[in-house]
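Peer 1: Spelled out from the first residue to the last, the chains are:
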Amino acid sequence: RKEVEQDPGPFNVPEGATVAFNCTYSNSASQSFFWYRQDCRKEPKLLMSVYSSGNEDGRFTAQLNRASQYISLLIRDSKLSDSATYLCVVILGGNQFYFGTGTSLTVIP
Amino acid sequence: EAGVTQFPSHSVIEKGQTVTLRCDPISGHDNLYWYRRVMGKEIKFLLHFVKESKQDESGMPNNRFLAERTGGTYSTLKVQPAELEDSGVYFCASSQDRANYGYTFGSGTRLTVV
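If you read the protein sequences in the order shown, they are chains A and B.
Residue numbering for the first sequence follows my numbering, beginning at 1 and increasing consecutively.
Residue numbering for the second sequence follows my numbering, beginning at 1 and increasing consecutively.
Bear in mind the hints are in silico, worked out from the structure with no lab data behind them.
Yeah, the Cβ is synthetic: ideal placement off N, Cα and C, and Gly gets one too.
Take these hints with a grain of salt, some might be off.
[As the list claims (entries may be wrong)] No more than 27 Å apart at the CA atoms, straight line, and that leaves these computed lysine-lysine pairs for DSS-like:
| id | chain 1 | residue 1 | chain 2 | residue 2 |
| --- | --- | --- | --- | --- |
| 1 | A | LYS79 | B | LYS78 |
| 2 | A | LYS2 | B | LYS51 |
| 3 | A | LYS2 | B | LYS15 |
| 4 | A | LYS79 | A | LYS42 |
| 5 | A | LYS45 | B | LYS15 |
[Unchecked claim] On the chain B side, residues computed to face chain A include the following (Cβ under 10 Å):
| id | residue |
| --- | --- |
| 6 | ALA2 |
| 7 | PHE7 |
| 8 | PRO8 |
| 9 | ARG22 |
| 10 | TYR33 |
| 11 | GLY72 |
| 12 | THR104 |
| 13 | THR112 |
| 14 | VAL113 |
[Said to hold, decoys possible] A partial selection of chain A residues facing chain B, derived with a Cβ cut-off under 8 Å:
| id | residue |
| --- | --- |
| 15 | ASN12 |
| 16 | VAL19 |
| 17 | PHE34 |
| 18 | CYS40 |
| 19 | LYS42 |
| 20 | GLU43 |
| 21 | PRO44 |
| 22 | TYR51 |
| 23 | GLY100 |
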C-alpha cells in the first residue's frame, strides 16, 4: 500500500467553480503535511502548509483530518491560472517524507 | 534571494555513459535533498545532506548513484554507468526548517538515457 494516495484526476472545472482535492496517508504517525503546486515541466512549489486547525490563504483552504488520515485542499472561485498539478506531501518524521502522485486540475474558460 | 538552482536543465546521454548533476541550494540552507520522478510515478526521495554529511541515503536506488556535497555548499549527483531506467526528472530541494516551511525545489534536471 502506498504511503500517500491521491486521485490523479484530471479535474476539469469552469472558471469560478469550487474544487476540492483529498489526499489520504497510511501512517498515523505522520507529522507534517503540505500542498505543493507543480506547473507543466516545472518544479513543485510550496502552496501551503496544512495545520491541524485548518488554514486559509485567500481562495485556498487546507484541512487535516487526523482521525481519518486525510488532508484536503479547497480552491474557491477557480481561476484559469489555477490549472496545474497539486501534490500532497506527508512527512512521517526524520527523513521519511512521501509525495502523492499529484492531482491534475484544468480550469476551463 | 536566489532560489535553488540546478544544472543542467536537460541531459541526454547514452546507456553506459556518466552524467553529473549539480544543485546549488539556497544560501544558508543546511539541508539539501535529492529527489527523482520517473515517468508516471510519484516523486521519490533519494538522499538528504545536512551540511556536508549524508544524513540519509536510503532512497538511492543502487551503487551507480553517488552524491557528494563537499564543503556543505553545492551538491553533485553522479550516475555511472547510466541505465535506461534512470531516465526521469531529478529535483534538488533545500530547507531551513522542513517541518514548518517545507522545501524549496530547484527546477530539476530532465535526464534521458537512450
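Peer 1: Each hint needs a verdict: does it hold in this structure or not?
Peer 2: Going through the hints against the structure:
1. The suggested pairing of LYS79 (chain A) with LYS78 (chain B) is violated, with an alpha-carbon distance near 41 Å, which exceeds 27 Å.
2. The suggested pairing of LYS2 (chain A) with LYS51 (chain B) is violated, with an alpha-carbon distance near 30 Å, which exceeds 27 Å.
3. Taking the CA atoms of LYS2 (chain A) and LYS15 (chain B), the gap is near 30 Å; set against the 27 Å cutoff, the hint is violated.
4. Distance check on the hinted pair: LYS79 (chain A) and LYS42 (chain A) sit about 19 Å apart at the alpha-carbon level, within 27 Å; holds.
5. For the hint linking LYS45 (chain A) to LYS15 (chain B), the alpha-carbon distance of about 32 Å lies beyond 27 Å, and the restraint is violated.
6. Here the hint on ALA2 (chain B) is broken, as its CB sits about 14 Å from the closest CB of chain A, past 10 Å.
7. Interface restraint check: PHE7 (chain B) against chain A, minimum CB-CB distance 14 Å, threshold 10 Å, status violated.
8. The beta carbon of PRO8 (chain B) is not positioned within 10 Å of any beta carbon in chain A (closest approach about 15 Å), and the interface hint is therefore violated.
9. Checking ARG22 (chain B) against chain A by beta carbon gives a least distance of about 15 Å; that is not within 10 Å, so the hint is violated.
10. A least Cβ separation of about 8 Å between TYR33 (chain B) and chain A falls short of the 10 Å threshold, and the interface hint therefore holds.
11. Violation of the interface hint for GLY72 (chain B) is found here, the shortest Cβ-Cβ separation to chain A being roughly 17 Å, above the 10 Å cut-off.
12. For THR104 (chain B), the interface hint holds, the least distance from its beta-carbon to any beta-carbon of chain A being 7 Å, beneath 10 Å.
13. With a cut of 10 Å, the hint placing THR112 (chain B) at the interface with chain A is violated, because the nearest CB-to-CB distance is about 13 Å.
14. Against a cut-off of 10 Å between C-beta atoms, the interface hint on VAL113 (chain B) is violated, since the closest Cβ of chain A lies about 18 Å away.
15. Because the smallest distance between the Cβ of ASN12 (chain A) and any Cβ of chain B comes to about 20 Å, over 8 Å, the interface hint for this residue is violated.
16. Of the supplied interface hints, the one on VAL19 (chain A) is violated, with its beta-carbon coming no nearer than about 21 Å to a beta-carbon of chain B, more than 8 Å.
17. Checking PHE34 (chain A) against chain B: minimum C-beta separation of about 5 Å stays under 8 Å; hint holds.
18. A hinted interface residue such as CYS40 (chain A) counts as satisfied when its beta carbon comes closer than 8 Å to some beta carbon of chain B; here the least separation is about 12 Å, so the hint is violated.
19. A hinted interface residue such as LYS42 (chain A) counts as satisfied when its beta carbon comes closer than 8 Å to some beta carbon of chain B; here the least separation is about 6 Å, so the hint holds.
20. Taken as an interface hint, GLU43 (chain A) checks out: its beta carbon lies about 4 Å from the nearest beta carbon of chain B, inside 8 Å.
21. Evaluation of the PRO44 (chain A) hint against chain B yields a held restraint, the C-beta minimum of about 5 Å falling below 8 Å.
22. With 8 Å as the threshold, the beta carbon of TYR51 (chain A) stays out of range of chain B, its nearest partner Cβ sitting at about 10 Å, so the hint is violated.
23. Interface restraint check: GLY100 (chain A) against chain B, minimum CB-CB distance 6 Å, threshold 8 Å, status holds.
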